[in-house]
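The listed protein sequences derive, respectively, from chains A and B.
Read in order, the letters of the first sequence correspond to residues 39 to 230 in the working numbering.
Read in order, the letters of the second sequence correspond to residues 39 to 233 in the working numbering.
Keep in mind that the hints were calculated from the coordinates and are not lab data.
Be careful, since some hints might not be right.
Below, simulated BS3-like cross-link-like pairs (lysine-lysine); rule was C-alpha separation at most 30 angstroms, straight line [as the list claims (entries may be wrong)]:
no.	chain 1	residue 1	chain 2	residue 2
1	A	K165	A	K75
2	A	K165	A	K73
3	A	K165	B	K98
4	A	K204	B	K44
5	B	K44	B	K159
6	A	K133	B	K104
7	B	K104	B	K159
8	A	K204	A	K133
9	A	K132	B	K134
10	B	K52	A	K204
11	B	K203	B	K52
12	A	K75	A	K204
13	B	K134	B	K44
14	B	K98	B	K159
15	B	K98	B	K52
One-sided and incomplete, this derived list gives chain A residues near chain B with beta-carbon spacing under 10 angstroms [stated by the list, open to error]:
no.	residue
16	S72
17	A154
18	G157
19	I160
20	I214
21	F223
Using N, Cα and C, we set each Cβ at its ideal position, and we do this for glycine too.
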Amino acid sequence: METSFFAIVFGSIFVNNVVLTQFLGVCPFLGVSSKIKTSLGMGAAVTFVMTLVSVIAWPVYMYVLVPLGIEYMQTIVFILLIASVVQMVEIVLKKVSPALYRALGIFLPLITTNCAVLGVAILMISKGFDFGHSVAYSAATAVGFTLALVLMSGIRERLELEGIPKAVQGVSMALITAGMLALAFMGFVGLV
Amino acid sequence: MMNNWKVLWNGIIKQNPAFVLVLGMCPTLGTTTSAENGFGMGVATLAVLVLSNVVISLIKQWIPDKVRIPAFIVVIASFVTVIELLMQAYVPSLYKALGVFIPLIVVNCIILGRAEAFASKNNVWRSLLDGLGMGVGFTWALTLVGAVREVLGNGAIFGYELGIKSYMPLVFVMAPGGFFVLGYLMILFNRLSRK
């Protein structure tokens, strides 16, 4: 794989933004994007977990699943890995840094079912990245997720003040806003 | 206590997972580039949902309460792996088109949600009906979103060309179109179901 780090980082943050072009992690994107502060917290938690998961998942796949010839167990192994990492992070954070735990704590259980985390773990394997590229790819994807989330919550904070017809309020309005954001992000196509 | 018929219908219209509960948004947006893909994804999810609901309601009495979520996830992930291998063998083109979204059925909130909210509290027969209802509700929603996007973006339906392709904006098959179509369909659904 001869892709440069710059192409991977820039590509995963802007060009192939995980939420706005690949539709991974849409649930938290719609669910926790009503305030800028909470979306920053969620973004930080996802960045932390996603990077950590890729650091563990890549060696597990290459040095355990491949030699044993059980690559088809990937889905089960990865989801269990994510669930345990999330659980572990929660326990460690609680002990080591109560302040950080209070900030990120409520988002952690939500991350297990964030499909972006499992999706990135599966994609980095199927794209054939080596270890360094995988970690860069996961971290950049998570930054892209945070970016989308923060942009979205900024727009939604403004929208709160507008008069919106009743049938359009809530998720439908969020989806249409996301569509406009996705249109804007299409401008990046072809840059990398 | 709801009767069995209501359990089945609940998921299809009243608590439609995609339009009303707003669960499983990622596959609803990511796989609906055509009616066929949406339908395929819906059926794959339906199969996992029914199987996992049945098995979880069968084994619920042996699962300690504390580890029930990891236990549910293992059951679901096993069925997803089975479905994934079956699709790879028998419908390779669909398998390719859906890509990463097939393993991602594991983290589809509908499945874990129904396991936790329904299958772990009800008997096998009712869990089967619930899985079937929710699965059918999800399938028709995905097929509808896929059909609308295919007509608007590609001027075709279920792969059948309508001869209007050159007039249609391709953006509807791409990411922004997915958000727009689902958003407007949801408005329509809200409007119609409020009466």
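Going down the list of hints, with the structure as the test:
1. A:K165 with A:K75: violated (34 angstroms)
2. A:K165 with A:K73: violated (34 angstroms)
3. A:K165 with B:K98: With a Cα-Cα distance of about 38 angstroms, the restraint between A:K165 and B:K98 is violated, given a limit of 30 angstroms.
4. A:K204 with B:K44: holds (28 angstroms)
5. B:K44 with B:K159: Holds: B:K44 and B:K159 sit about 17 angstroms apart, inside 30 angstroms.
6. A:K133 with B:K104: Since the Cα atoms of A:K133 and B:K104 sit roughly 21 angstroms apart, the hinted pair holds (cutoff 30 angstroms).
7. B:K104 with B:K159: holds (15 angstroms)
8. A:K204 with A:K133: violated (45 angstroms)
9. A:K132 with B:K134: Status violated; Cα separation ~42 angstroms.
10. B:K52 with A:K204: holds (19 angstroms)
11. B:K203 with B:K52: violated (35 angstroms)
12. A:K75 with A:K204: Satisfied, since the Cα-Cα distance of roughly 26 angstroms is no more than 30 angstroms.
13. B:K134 with B:K44: violated (37 angstroms)
14. B:K98 with B:K159: Answer holds: B:K98 to B:K159 is near 8 angstroms, not above 30 angstroms.
15. B:K98 with B:K52: holds (27 angstroms)
16. S72: With a closest approach of 14 angstroms, the A:S72 hint is violated.
17. A154: Status holds, d = 8 angstroms.
18. G157: holds (6 angstroms)
19. I160: holds (5 angstroms)
20. I214: holds (4 angstroms)
21. F223: Holds: closest Cβ of chain B sits about 8 angstroms from A:F223, inside 10 angstroms.
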